[in-house]
Amino acid sequence: MTLPKTRARPTRTAGFLQGRVVAAVALGGGAGAAARHAAAVHWPTPAHGFPWTTLVVNVAGCALIGLLTVLLTEARRTPHPLLRPFLATGVLGGFTTFSTYTTDIAGLLAEGHARTALACLVVTPLAALTAVWLAARATRGLLRGRA
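If you count by this note's numbering, then the sequence shown holds residues 1 to 147, one letter each, in order.
FYI, nobody ran anything at the bench for these hints, they're computed from the structure. Hints should not be assumed to be uniformly reliable.
What the hints assert, rightly or not - The calculated label-pair distances, taken between Cβ atoms and stated as ranges, are:
1) Trp133 x Val22: 24 to 32 angstroms
2) Arg115 x Arg144: 41 to 49 angstroms
3) Arg140 x His37: 16 to 24 angstroms
4) Thr73 x Phe98: 17 to 25 angstroms
5) Val22 x Arg115: 17 to 25 angstroms
6) Ala40 x Arg146: 33 to 41 angstroms
7) Leu126 x Thr103: 16 to 24 angstroms
Just so it is clear, CB atoms sit at the ideal spot from N, CA and C, and this is done for glycine as well.
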């Protein structure tokens, strides 16, 4: 005797999960971009000046990415699957502003401020990468100290 075949109901489809991830990134990105815009409005860069606000936003955002990555990947508990897309890709991706960094450099070059543009070109990625590394290292050290 053969039993009738039953179809299991899918609990979550790949498309459903992908849609949730896209929504999490979009919501986080909006929040991060709003925070970046607020920083630019409150601390505007003077004409022909070094874009300090852009530098600070990028360095702070990269430091937070280093901290968050360690917390999410080395945590004792498994984080919610939407936490990393929302915070890292969304909020911090929207907050860090490397497109503004390149626009700042292009503007400085167009206005004849090649030295300031070169300083920005070199300092920003070095400071951002250093911030990621230092934050990740410090966070790992703190986590080990708690263990």
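Verification of the hints:
1. Trp133 x Val22: 24 to 32 angstroms: holds, 30 angstroms
2. Arg115 x Arg144: 41 to 49 angstroms: holds, 43 angstroms
3. Arg140 x His37: 16 to 24 angstroms: Given range 16 to 24 angstroms: violated, Cβ gap about 32 angstroms.
4. Thr73 x Phe98: 17 to 25 angstroms: holds, 23 angstroms
5. Val22 x Arg115: 17 to 25 angstroms: About 42 angstroms separates the Cβ atoms of Val22 and Arg115, which means 17 to 25 angstroms is violated.
6. Ala40 x Arg146: 33 to 41 angstroms: Cβ of Ala40 to Cβ of Arg146: about 37 angstroms, so the range 33 to 41 angstroms holds.
7. Leu126 x Thr103: 16 to 24 angstroms: holds, 19 angstroms
The earlier numbered hints that this structure contradicts are 3, 5.
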